[in-house]
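Take the sequence shown: its position 73, counting from 1, is numbered 73 in full-length UniProt numbering, and each next residue is one higher.
These are computed hints drawn from the structure, not numbers from a lab. A portion of the hints provided could be inaccurate.
Claimed, not checked - Pairwise CB distance ranges, derived in the manner of DEER restraints: (1) A48 x Q74: 32 to 38 Å; (2) D40 x T71: 29 to 35 Å; (3) D40 x N20: 16 to 22 Å; (4) T71 x E44: 14 to 20 Å; (5) E6 x M56: 17 to 23 Å; (6) L8 x R57: 31 to 37 Å; (7) R10 x P83: 15 to 21 Å; (8) A48 x G21: 30 to 36 Å; (9) E82 x P12: 29 to 35 Å; (10) R73 x A48: 28 to 34 Å; (11) P83 x N20: 15 to 21 Å; (12) R10 x I75: 16 to 22 Å.
Said to hold, decoys possible - Capping the alpha-carbon separation at 27 Å, the derived lysine-lysine pairs in DSSO-like fashion look like this: (13) K35 x K4; (14) K4 x K22; (15) K22 x K35.
Positions of the beta carbon are idealized from the N, C-alpha and C atoms, including for glycine.
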Amino acid sequence: MIAKGEVLRRGPRGVLVRHNGKLYEMGYGAYLLWKAFEEDSTPEEVIAQAIAITGMRREEAESIVYSFVETFRQIGLIGDPEP
């Protein structure tokens with residue numbers, strides 16, 4: 001999967017991203033997860049990164065990352081890489 005969109009602005013509470021003419025605001029937690037997909041990462045790779053960085057339990061990291069992936073795929077901010 002790969003992150004899609006362009007960061008327009010970073011502010012004290014998060015970022016503003018544009019993709020397909022729509023604007024999306026996200027907090028820095030969501031932004032960090034979104035950025036983790038910038039280099040065509042798999043959810044499993046992002047889960048491993050989250051565990052390594054935060055020390056959270058695998059179940060907690062999986063729940064967060066898979067929920068994020070589902071939501072952001074639906075709105076188009078992450079998807080399959082272009083061929």
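Hints versus structure:
no.: 1; hint: A48 x Q74: 32 to 38 Å; verdict: 24 Å, violated
no.: 2; hint: D40 x T71: 29 to 35 Å; verdict: 19 Å, violated
no.: 3; hint: D40 x N20: 16 to 22 Å; verdict: 19 Å, holds
no.: 4; hint: T71 x E44: 14 to 20 Å; verdict: 18 Å, holds
no.: 5; hint: E6 x M56: 17 to 23 Å; verdict: 30 Å, violated
no.: 6; hint: L8 x R57: 31 to 37 Å; verdict: 35 Å, holds
no.: 7; hint: R10 x P83: 15 to 21 Å; verdict: 31 Å, violated
no.: 8; hint: A48 x G21: 30 to 36 Å; verdict: 34 Å, holds
no.: 9; hint: E82 x P12: 29 to 35 Å; verdict: 33 Å, holds
no.: 10; hint: R73 x A48: 28 to 34 Å; verdict: 20 Å, violated
no.: 11; hint: P83 x N20: 15 to 21 Å; verdict: 18 Å, holds
no.: 12; hint: R10 x I75: 16 to 22 Å; verdict: 20 Å, holds
no.: 13; hint: K35 x K4; verdict: 9 Å, holds
no.: 14; hint: K4 x K22; verdict: 12 Å, holds
no.: 15; hint: K22 x K35; verdict: 18 Å, holds
Hints 1, 2, 5, 7, 10 from the earlier list are contradicted by this structure; the remaining hints agree with it.
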